[in-house]
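A.B. asks: Spelled out from the first residue to the last, the chains are:
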Amino acid sequence: MSKSLFTTLFLGVIIIVSIVGYTLYQQGRVSRADLDNLSATVFRSPRAIKDFELTDHTGKPFTQASLKGNWSFIFFGYTNCPDVCPNTLSMMNIMAVNLEQKQPDKQTPRFIMVSVDPERDTVKQLSAYIPYFNNAFIGLTGKSSQQIDVVTKQFGIPYLINKKSPDDTEYDVQHSGAILLVNPDGNLHALFSGPHDAAKLVSEFNLIRYFYEQN
Amino acid sequence: MSRLQNIGIAFLLSVVTTSIMAQGINVEEAWIREAPPVSRVQAGYAIFKNNLNKDIKIIGASSPAFKKIEFHETVLENGLTKMIHQPTVTISHQTPLVFQPEGLHLMLFNPLKPLHAGERVTINFIFSNSTSATASFIIRKNTNSDSSQHKHH
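Chains as they are written, first to last, in the working numbering: chain A, 57 to 271; chain B, 1034 to 1186.
These aren't lab readings, by the way, just hints derived from the structure by calculation. Think of the CB as a built atom: it goes at the ideal place given N, C-alpha and C, for glycine as much as any other residue. Incorrect hints may appear among the rest.
[To be verified] Here are the simulated lysine-lysine pairs, DSS-like style, with alpha carbons at most 27 Å apart:
(1) B:1174 x B:1101
(2) A:124 x A:199
(3) B:1090 x B:1100
(4) A:220 x A:180
(5) B:1115 x A:256
(6) A:158 x A:124
(7) B:1100 x B:1115
(8) A:220 x B:1115
(9) A:209 x B:1115
(10) A:220 x B:1100
(11) A:180 x B:1101
(12) B:1174 x A:180
(13) A:199 x A:219
(14) B:1101 x A:219
(15) A:220 x B:1174
[Stated by the list, open to error] To be clear about the criterion: a stretch of chain B counts as covered by chain A if any three or more of its residues have a C-beta under 8 Å from a C-beta of chain A, and this derived list gives those stretches:
(16) 1071-1082
(17) 1103-1112
(18) 1140-1149
The whole structure should be built from the sequences, with the hints applied where relevant.
C.D. replies: The following block contains the structure:
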């Protein structure tokens, strides 16, 4: 075999192996286009979250810094909500169990309900409500609506306290059913609009997390 | 599917499907979501079938287990989830009236005692033709649609 023929064959093999290898590598990767096809809105640049001061259901402070180090699913609701909130929290419990069982090597995300009804949702009320759904879930409330608004306004979460009179105690609260996803850097990463399905949220979250980890 | 599984499913159906009521109205799959002990409100769900030849309204509901019962519909409007109070609801003679999670539901105020999964409570419904009937509701933790919990077993 002449030297030039050998070199040509050798280069040809290198090129073919490279093309096949690159194609296989790309097939295993999640592209940005894959994320655009999800039902979730995944932000191209995760959004920084300004600091806030809330209290968790055990009475400990919870701030923007508390969001770092793990993924967090955040939902806004209130404990006197009979339908959407328990439905969403039960759905989140299915997600948590699914992620724990199928991916025991990964840290299970935080699941958080921020109360939009701090007047009735005291720490004591939340402490008896949140662990019912899952012991690891976190309930957050504020000393006032202003503290809650620091969070809802920057996340674009609308809510409306529907009191019929100043001493109405049976009022309902109209609120967004969206679930937000905050990444381990503490930045707002994605938004899921309702209605929610546990299996779909888990599979989309896995894709979002995979894309985040490889970039 | 094994015969044992078939028997199991038949048994489950007999538990979750409650057909009662006189005057041509049937109630099926009547259940109440179990709630955390501090909840002051709960939601009830069921399917009402009207076998009469005309529509009929439910004009009221009451139960020894709750202080007050109303009909509420969860709707999504301008990004807000709202509960709209419906003073009465109509059971069409053509299509069933479905009370379901994140839709039309029975708003059950102030349970007189905590209700646990597996227990049953009765709810009395008053109809626009001056009749009334009682349905038995089972307390459950989750919806039927939470099948994602079980489908991989």
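A.B. asks: Now, for every hint given, state plainly whether the structure supports it.
C.D. replies: Cross-check of the supplied hints:
1. B:1174 x B:1101: 22 Å, holds
2. A:124 x A:199: 23 Å, holds
3. B:1090 x B:1100: Measuring from Cα to Cα gives roughly 22 Å; hence the hint holds.
4. A:220 x A:180: At roughly 25 Å apart (the allowed maximum being 27 Å), residue 180 of chain A and residue 220 of chain A satisfy the hint.
5. B:1115 x A:256: At roughly 24 Å apart (the allowed maximum being 27 Å), residue 256 of chain A and residue 1115 of chain B satisfy the hint.
6. A:158 x A:124: 23 Å, holds
7. B:1100 x B:1115: Roughly 22 Å separates the two Cα atoms, so the pair holds.
8. A:220 x B:1115: Cα-Cα ~15 Å, so holds.
9. A:209 x B:1115: 19 Å, holds
10. A:220 x B:1100: 19 Å, holds
11. A:180 x B:1101: Given pair residue 180 of chain A, residue 1101 of chain B holds - Cα atoms ~25 Å apart, limit 27 Å.
12. B:1174 x A:180: 23 Å, holds
13. A:199 x A:219: 19 Å, holds
14. B:1101 x A:219: 18 Å, holds
15. A:220 x B:1174: 31 Å, violated
16. 1071-1082: holds (count 6)
17. 1103-1112: holds (count 5)
18. 1140-1149: It holds, with 3 qualifying residues against the three required.
In summary, the one numbered hint that this structure violates is 15.
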